[in-house]
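**Q** Use the sequences and the hints to build the structure in full.
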Amino acid sequence: MINKILDCIFIGDIFSNAEINIEKFKIQTVLTLSSQPLAFEKRIIGVNYQFIYMLDVENQNIFSSNILQKTFNLLQKCLENNQTILVHCESGISRSVTIIIAFLMKKNNWSYLNSFNFLKEKHSIAKYFFNF
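Residue numbers for the sequence shown follow our numbering, so the first one is 1 and each next one is one higher.
Hints in this document: simulated from the structure, not taken from any laboratory. Source: prediction; values computed, not measured. Ideal Cβ placement from N, Cα and C applies to all residues, glycine included. Errors might be hidden in some of the hints.
[Unchecked claim] The following label-pair restraints were derived from C-beta to C-beta distances:
1) Lys70 / Glu90: 13 to 23 Å
2) Asn117 / Glu80: 21 to 31 Å
3) Met1 / Asn48: 32 to 42 Å
[Unchecked claim] Simulated crosslink set (BS3-like; lysine-lysine; CA at most 27 Å straight-line):
4) Lys42 / Lys106
5) Lys70 / Lys106
6) Lys70 / Lys107
7) Lys106 / Lys26
8) Lys106 / Lys127
9) Lys120 / Lys26
10) Lys107 / Lys127
**A** Written out as structure tokens, the structure reads:
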């Protein structure tokens, strides 16, 4: 399932990466937040694939490894260049949600609650875990 969050930013799970979805939503960049990058045989020619190592565990620290800054820069660049990006993890519930909430907070100077509610309206399965 893919949901549109902003004009160029989409969120989903590992299955969102299917070719039919990439073509339907005209996705130009795919950001995978997981323990391993997307397999080469599942990649589509012409799509920019980015990978950030991120576990769905309590001790995953998104501050110490510059995850937030790297993802913010990528999302901001896509918005500035009007390029579509799909942000996904395994289930589309916590890691991708965390990154997009952080992006909304920084970009718009919104509170956590405003950012979460905005995202939740568009992506109903969103859950935020304070473990990160």
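**Q** Are the hints correct? Go through all of them and say.
**A** Results of checking the hints against the structure:
| no. | hint | verdict |
| --- | --- | --- |
| 1 | Lys70 / Glu90: 13 to 23 Å | holds (19 Å) |
| 2 | Asn117 / Glu80: 21 to 31 Å | holds (25 Å) |
| 3 | Met1 / Asn48: 32 to 42 Å | violated (22 Å) |
| 4 | Lys42 / Lys106 | violated (32 Å) |
| 5 | Lys70 / Lys106 | holds (13 Å) |
| 6 | Lys70 / Lys107 | holds (14 Å) |
| 7 | Lys106 / Lys26 | holds (26 Å) |
| 8 | Lys106 / Lys127 | holds (19 Å) |
| 9 | Lys120 / Lys26 | holds (23 Å) |
| 10 | Lys107 / Lys127 | holds (20 Å) |
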